[in-house]
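Line by line, the protein sequences are chains A and B. In this text, residue positions in the first sequence follow my numbering: the first is 6, and each later residue adds one. In this text, residue positions in the second sequence follow my numbering: the first is -2, and each later residue adds one.
It is possible that part of the hints are untrue.
What the hints assert, rightly or not - To give a feel for the contact side, a few chain A residues facing chain B, derived at Cβ under 10 Å: (1) Gln8; (2) Gln9; (3) Leu17; (4) Leu54; (5) Arg273; (6) Glu322.
Calculated from the structure, these hints are not laboratory results. On a predicted model such as this, the values are computed, not experimentally measured, just so you know. Glycine included, each C-beta is placed from N, C-alpha and C at the ideal position.
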Amino acid sequence: MPQQRFPKIEILSIRPHHIQFILSETDTSMANAIRRIMIAEVPTLAIDLVEYAENSSVLNDEYIAHRLGLIPIRYVPEGSMRGGDCHTAFLPHRECVCYDRCPRCSVEFELDVDFDKVNMTRPDQERDLPLTVTSRDLISNNILVAPAHFLNEEEQDEAHDEGISIVKLGPGQHLKLKAIARMGISKEHAKWCPVAVATYRFWPIITINDEACQMLTMEQKQELVEACPDRILELDEITGNLVAVENAYEMATYTEDLKVAQDAMKKRPEDDDFVKVEPSTDRFVFSVETTGAMDAEEILFSALRVLKDRMNYLAAEVEKLKD
Amino acid sequence: MNAPERSACFLLDDDEEKVEYSVDTKVSNAGTFTFNKEDHTVANLLRMQLLRDPAVKFAGYMHPHPLVAPVEVLSAAIEDLSNETDHLITQVTDAIDKWKKENDQVGLGM
């Protein structure tokens, strides 16, 4: 109780597949724990078992199974439009009491594409060209679950296919399989990872010593502005002073160039710095980008839930030790 | 052939407990907690929280390569972290709602 921290969150932007926020007043260990959990321990659905009835395509069974496993599977709870947290609706397969599989722990997808059958329905100019089997051909037995074909409309407009391409078929080739998707975490296999990118950077604390800057000429100030490869300083047009750029937090890389340039300009080595850039120890800028399986804010909620459940579990286990 | 199952890195074995404790014989008021099947995610978090408690003189953790007293303080640290996570969850919910309200008024849906 006495040592609890009260962290603050400030959202910079939310899009369905990307969220950026600032986490402050907490330690790097908390920021790192959230990052690690978002990457490794948020449960999602992915195809785990594939039963083949027919495969005469150019790729062998395990190759296609590997590709199927990497397709992001999206669970949309009733009444919502967003890719949600699947742990409320599904059980991990190893904890389920069913014999082999059931709707509570798995989702079945069927895929049946026969080149010759499809060829007959195609327009003349496309006839006999290779046919791409995509994620659109995976038909789920649970209406709330479907593969995430595209991240957003932009990607859909630019794509050649209607979904994620799995394999291309030629004349006489037939692919028929049943794929079973289960819930899991990325620690077991990267196919269950809900994020493409989950990173955080430190917030830069930029202190500009205006008094000392008065003694610099315009050329010297310009030299300082150009010394930083990340361009976090600029010259204010009206006053001619050095100021930090507005989106400095996105660009700061904390290199030594600025320090070296300043040391050359100081009259004595022990003088104060003109500009100091330091990474903050308790303010972090997070950027999380998803694969399409869940929405970005859902991933954040799920990560925090996993962390809370883990803490509760450990608390209970440590209580047992007290006896 | 010898490779263990991937799930073995986070699922407890049948004969393993999650937390084990042994008192340190050489130093007074010291002990070693062994958390089975955990990694840096939780270990670093607990270590930093323990160091914030003024009653704690030393806290560190080791994560050995896979191929070779103190109980009350730990409970307090875990409880603080759990509360901090709860607080964070409410903060996130509020911040997202607030941002949505502000931005949905600007242009309907995006």
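Okay, the hints, checked on the actual structure:
{"no.": "1", "hint": "Gln8", "in the structure": "holds, 4 Å"}
{"no.": "2", "hint": "Gln9", "in the structure": "holds, 4 Å"}
{"no.": "3", "hint": "Leu17", "in the structure": "holds, 9 Å"}
{"no.": "4", "hint": "Leu54", "in the structure": "violated, 15 Å"}
{"no.": "5", "hint": "Arg273", "in the structure": "violated, 39 Å"}
{"no.": "6", "hint": "Glu322", "in the structure": "holds, 4 Å"}
The structure shown violates the earlier hints numbered 4, 5.
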